[in-house]
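Put chain B on the given structure of chain A with help from the hints.
Each protein sequence line maps, in turn, to chains A and B. This note's numbering puts the first residue of the first sequence at 1, with every later residue one more than the last. This note's numbering puts the first residue of the second sequence at 1, with every later residue one more than the last.
Keep in mind the hints are simulated off the structure, nothing from the lab. Do not take every clue at face value.
Said to hold, decoys possible - Some residues of chain A that are not near chain B, with every Cβ distance over 10 angstroms (derived): (1) Leu-7; (2) Phe-14; (3) Tyr-24; (4) Arg-72; (5) Glu-81; (6) His-89; (7) Ser-97.
Said to hold, decoys possible - Okay, the calculated beta carbon distance ranges per label pair: (8) A:Leu-146 with B:Gly-80: 24 to 30 angstroms; (9) A:Leu-13 with B:Val-11: 46 to 52 angstroms; (10) B:Leu-12 with A:Gln-28: 51 to 57 angstroms; (11) B:Leu-250 with A:Val-19: 24 to 30 angstroms.
What the hints assert, rightly or not - Partner residues are not named here, just some residues of chain A that face chain B (Cβ under 7 angstroms, in silico): (12) Val-9; (13) Thr-10; (14) Thr-11; (15) Leu-25; (16) Ala-26; (17) Thr-29; (18) Thr-30; (19) Asn-31; (20) Gly-51; (21) Gly-55.
All of these numbers come straight from a predicted model, not from anything done at the bench. The C-beta atom is built at its ideal place from N, Cα and C for all residues, glycine as well.
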Amino acid sequence: MRQIRSLEVTTGLFVLLGVAALFYLATQTTNYRTYGGHSYGVKAFFNNVGGLHVGAPVRMGGVTIGRVTAIRYNMSRYQAEVDLIISDHYDKIPADSTASILTEGVLGEQYIGVSPGGAPTFLHNGSTIHFTQSAIILENLLGQLLTHGSHSGK
Amino acid sequence: MKRPGALFQPVLELLAALGRRFHFLAVSVTLIPSVLGRPRSFIEQLFYLGSVSVILIAVGGLFVGLVLTLQFYSALSRFGATSSLGGLVTLALLRELGPVLTALLFAGRAGTSLASELGLMRATRQIDAMEVMAVDPMRRVVAPRFLAGLLAMPLLAGIFSAMGVLGSYLIGIKMMGLDPGVFWSSMRHEVSFHSDFMNGMVKSLIFGVACSLISLYEGFHARPTAEGVGRATTRSVVISSMTILALDFLLTSLMF
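Next up, chain A with everything else stripped away, as it sits in the complex (with noise of 0.2 angstroms):
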């Protein structure tokens, strides 16, 4: 009886210790917290997303607010169209706030950048940022200024 009771309580510390470690990885390693909670989602178009990706943060400030839920390309506005869903603590972010598609470093992950403009109405569920800024694709840029390079060369 004894040796059984012992059995019985070294099973349960151990599968309540898989599923600790299961919780842990899931909620402290993954983003899966960005996903949770109340969220709003609004729409953005670009001319250009370059390298962003479904799950790319939305910051304001530098501070991560929202993820990008899904990227298509919209045929009737031949418009990158982007969904994003953004965190029910910041609902007072102004109608006419500026996206833009931001790089962090020099080669990083590409994100989201949210300034906020100065409108008295705020973006609500369903509604669209109207100033957008495309990504900067660095292989344009690089070969602007080589044939701008080789221009004033001449």
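For chain B alone, coordinates are given in the frame of chain A:
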């Protein structure tokens, strides 16, 4: 002159061997509900397969985390990219090393004990005796072990990866003096819940099925001699390990 059919003999034998294993799998899966009616034997098996492997898995995970971080650190510092150390180590652990190394250790630690236990039951005619008493050995012996192995694997893989992250923390922050904020935030930034964590879990669940199935099958169908038990034990480790590595390649190419 050989019969023309003899040419296909090896192919047929291979197919038959595969078929017998999948039949064994199908029977084990259908018997899972019967285990829930008798939780005592299941808990016992979870103890023998899971609890006793915790120390091995935890130490294994810790050392893999330590070594991985040292190696990544020396590689990343050449590019001045040590800020993504935490994310890289966790990705490697969750996607590959956690599930695969846990499965390999499990095959050596628990798979062998399953195979030799069942082999010995076969050799000492306990399985035959059960059949004579109209007790289904698949239901009584195989099913609880199968379910326990299946569930123990993801839990052990979780312990392995969590210990790996701890090891990485010890080397990265305590020894190399990286910034803890950058270390943890690079993890949250790089590691995705759905495509990294969940896929790792699916992998380790599938390894759990494969590993317990192979060990149980080899033990259950061992030749009833001392030599047969030994061979079954060896075969269980060899086949499990190769299956895990092959499955890992297959799953990785499908998932990521």
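Hints the structure violates: just list their numbers, smallest first. The structure conflicts with hints 1, 2, 3, 12 and 20, although it agrees with all the remaining ones.
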